[in-house]
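The primary structure of each chain is shown beneath.
2 protein chains.
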Amino acid sequence: MSVPTVTGSLVVVGTGPGRLELMTPATAAALAHATDLVGYGPYLDRVPLQPGQCRHASDNRRELDRARLALSLAAEGRRVVVVSGGDPGVFAMASAVFEAVEVGEPAWRDLDIRVEPGVTAMLAAAAEVGAPLGGDFCALSLSDNLKSWATIERRLKAAAEADFVIALYNPASRARPAQLGAAFKLLRTIRSGATPILFVRAAGTDQARVIAATLDDADAACADMRTLVIVGASSTRRIGRWIYTPRSERS
Amino acid sequence: MSVPTVTGSLVVVGTGPGRLELMTPATAAALAHATDLVGYGPYLDRVPLQPGQCRHASDNRRELDRARLALSLAAEGRRVVVVSGGDPGVFAMASAVFEAVEVGEPAWRDLDIRVEPGVTAMLAAAAEVGAPLGGDFCALSLSDNLKSWATIERRLKAAAEADFVIALYNPASRARPAQLGAAFKLLRTIRSGATPILFVRAAGTDQARVIAATLDDADAACADMRTLVIVGASSTRRIGRWIYTPRSERS
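Sequence lines, in order, name chains A and B.
Numbering follows this note's numbering, with no gaps: position 33 of the first sequence is 996.
Numbering follows this note's numbering, with no gaps: position 189 of the second sequence is 1152.
Check before you lean on any hint, since a few could be wrong.
The list cannot tell twin chains apart, which means a pair is met if one copy fits it or any two copies do.
Unchecked claim - Calculated pairs, BS3-like style, for lysine-lysine (alpha carbon to alpha carbon, straight line, at most 30 Å):
no.: 1; residue 1: K1120; residue 2: K1148
no.: 2; residue 1: K1148; residue 2: K1110
no.: 3; residue 1: K1110; residue 2: K1120
Treat the hints as calculated values from the structure; they're not laboratory data.
Every value quoted in this text rests on a predicted model; they were computed, and no experiment measured them.
Go ahead and model the full structure; you've got the sequences and the hints to work with.
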């Protein structure tokens, strides 16, 4: 008696922050080997075309739909790659895929699923300016699409009080213009006005642009959807054109 | 009248978590182009040999000395690459390089210094088990070589109370066998005993090994120098053989 087997596969990858030279060879190999790519259109556009490969581009907000489509295709025996930017496990598609598995077809649990790590935005942003993440740090998404603003404020406050460096993902969008200003307002009640604030736009691409400010004079309007904001710790400092956080709290 | 110029360069890179396929092409190119590689011996051993290249291997603890050597070589006109594992900006050499610039020769400030981002250990560890870093998270080094244990406890407490996922770097070494046990003890006063605890050893290598436990039964002896420990958030869950943190706090 033969047991029905699932022969497809699903690999969740991140293309890195932008330049192809920041995509890992493991991710490039998964992309080259795929029969189907599923992802947000602009991320798919970064991937070199392969003959005969199907591309399923979708809107940025339909993450669960996209994950379900990818799982269905894999269950049909296709070699599917789900494409995120950055690292797929950081505010990206890997979590949506496992969420779709949890609530979806029981057979999806037997699929061959794998996650390939990548260079997430905060690492590329940090490299553009020096080493601001040199000490303990947090990564916090300012988007309240999936969690409450109260949760965001509570985490921001805790991170600021404990003197973590803070990397703010999704600091602003057209639908959410006010969050970053509110975050700065909260931070000003806790941290010194001299705290370095870095707006790094399009990190890891040829259009990278850095604005270095302090908490006192930081203007939330400097951030857009392509910006990563880094809030320094008390020891974060500038040396020449670089910003870094010493490894030691004693220095 | 000619102005003296500095012609050397210094690139700080991370080789990623282990497998060469997780090193970015940008880092591989910097390594291939270098006249001198400076780094901790085991990281240098991962890098393919180039004819005529000088390798300056050193002990793991001599980070500032290593940074000074690299800067001196660059000031002599060499093309120097400082080699870390993972990402060079996360508990690694980039911060030490800028610290050495700050306290070192004034001419070092004019050097051509660049940081290349890489895949840091927590991203590779997360990929091995699913998507545990799918929500807001912190990266915290448990080593008290460069900061006080009181600071570590304060940050751990803040992160646990605010329900961040927590990635613990340097959870244990022969010289520091007790820290991780003390960290679990503190976490048990704040977080549910059912909180997932993941011990991921040698993530991103062919010897990767995962131990999934809960805060109640986690044994600090499962960690060594090559282990990354991930402490889940309240929403972090297991589905089949994967562990993930949903993007939404409401799910």
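Here is what the structure says about each hint:
no., hint, result
1, K1120 <-> K1148, "both (11 Å within a copy, 24 Å between copies)"
2, K1148 <-> K1110, "both (20 Å within a copy, 29 Å between copies)"
3, K1110 <-> K1120, "both (16 Å within a copy, 22 Å between copies)"
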